[in-house]
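Participant: Starting from the known structure of chain A, fit chain B onto it as the hints suggest.
Protein sequences appear in the order of chains A and B. Residue numbering for the first sequence follows our numbering, starting at 120 and increasing by one per position. Residue numbering for the second sequence follows our numbering, starting at 8 and increasing by one per position.
Honestly, the hints are just simulated from the structure, not real lab data. We put the CB at the ideal spot given by N, CA and C, even for glycine. The reader is advised that the hints may include incorrect statements.
Which chain B residues face chain A? A few, computed with CB under 7 Å, are given here [said to hold, decoys possible]:
1. Tyr25
2. Glu28
3. Gln31
4. Leu32
5. Val33
6. Asp45
7. Met46
8. Ala48
9. Gly49
10. Asp52
11. Ile55
12. Ser58
13. Val59
14. Ala61
15. Ala62
A few chain A residues that don't get close to chain B, going by computed Cβ distances all over 12 Å [as the list claims (entries may be wrong)]:
16. Ser129
17. His150
18. Ala174
19. Leu210
20. Gly220
21. Ala225
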Amino acid sequence: MRKDTDLLASLGRFSEPALLILISLADGPKHGYAMTQDIEAVSGQKLGPGTLYGAIARLEEKEWIEPLPVEDRRRPYRLTNAGQQILKARLESLRAVTKIGVSRLAEG
Amino acid sequence: MTAGSLLKLYPRAWRARYGAELLQLVGPRALSAQQTFDMLAGAVDAWISPSVRAAVRRQPSAAAVKGGLMVRQFLLKCSTSNHTQYRMTTRDGLISAAVLLAVSLVFTAAGIYASSVGYTMTADILKSIAFPGAVLLSMPFGVMKGQPRRAQLIVLGPTMLLIALASVIATRI
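Here chain A stands alone, though its shape is the one from the complex:
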């Protein structure tokens, strides 16, 4: 059985945008524009429209996010329970990798 962290990596070049979207939705539903603004503020990366909706489609297909009814011509998305688990697992994995990297830098 694949680990949750592997599942996110299975999105290929969309795995990083997908992770940023999951992080953006972790504090509540957002529509596309709010996501790009939040992601830019958090990571400094501005996702292009093709990349954003390519990642959103993949996350929807995996059922890690789900669309909500349209509000003012914008459709918000929210994290599903499965998406939360994937995000937690990925962040835990990144935390472990970061810890090792920082400790190795300190030793060197």
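Facilitator: Just chain B, lined up with the frame of chain A:
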């Protein structure tokens, strides 16, 4: 170049699902070179990526609620029936088979009864539609389980009528 013109390069189903959102995101202004390249790459991805195509199929746009498109949605979903949401369980299969058998028996019995009381043509019609009718009526319990009621009616209703019509014509020839 604007997002509206680049959006024409995307598959129709993709545009129906995400087009309005994307236009709302980027607005009517001309795109930067980076955004243009990103949208071109996105168009290629939308055509060739199975997961993106599957997502678009699974999330119908508001327009796709209309009858004709619902039938197409159903057919597309049938072609991706390995998805867990539409996977037929053993229990569904058994119920479907039971409905098929029961409906076949009821139609055949009705045909035999009609024949015994002298309604020969009605008897022939009932007997000839017994099996295809039973197959159709068993579909909502099996292969069409989970589909919207309206989609089931759109597919099954006209097919049932066609079979009945064909039986009537066949008995009169």
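Participant: If a hint holds in the structure, say so; if it does not, say that too.
Facilitator: Structure-based check of each hint:
1. Tyr25: It holds, given that the least Cβ distance between tyrosine 25(B) and chain A is near 5 Å, below 7 Å.
2. Glu28: Hint holds; glutamate 28(B) Cβ to chain A Cβ min 5 Å, cut 7 Å.
3. Gln31: Holds - the Cβ of glutamine 31(B) comes within 7 Å of chain A, reaching about 6 Å at its closest.
4. Leu32: holds (4 Å)
5. Val33: holds (5 Å)
6. Asp45: holds (3 Å)
7. Met46: holds (4 Å)
8. Ala48: holds (6 Å)
9. Gly49: holds (2 Å)
10. Asp52: holds (5 Å)
11. Ile55: Hint violated; isoleucine 55(B) Cβ to chain A Cβ min 11 Å, cut 7 Å.
12. Ser58: holds (5 Å)
13. Val59: holds (4 Å)
14. Ala61: Holds, about 5 Å.
15. Ala62: Since chain A brings a Cβ to about 4 Å from alanine 62(B), closer than 7 Å, the hint holds.
16. Ser129: violated (9 Å)
17. His150: violated (7 Å)
18. Ala174: The claim breaks: alanine 174(A) does not keep its Cβ more than 12 Å from every Cβ of chain B (closest is about 10 Å).
19. Leu210: holds (23 Å)
20. Gly220: At roughly 30 Å from the nearest Cβ of chain B, glycine 220(A) sits farther out than 12 Å, so the non-interface label holds.
21. Ala225: holds (38 Å)
In this structure, the earlier hints numbered 11, 16, 17 and 18 are contradicted, and the remaining ones agree with it.
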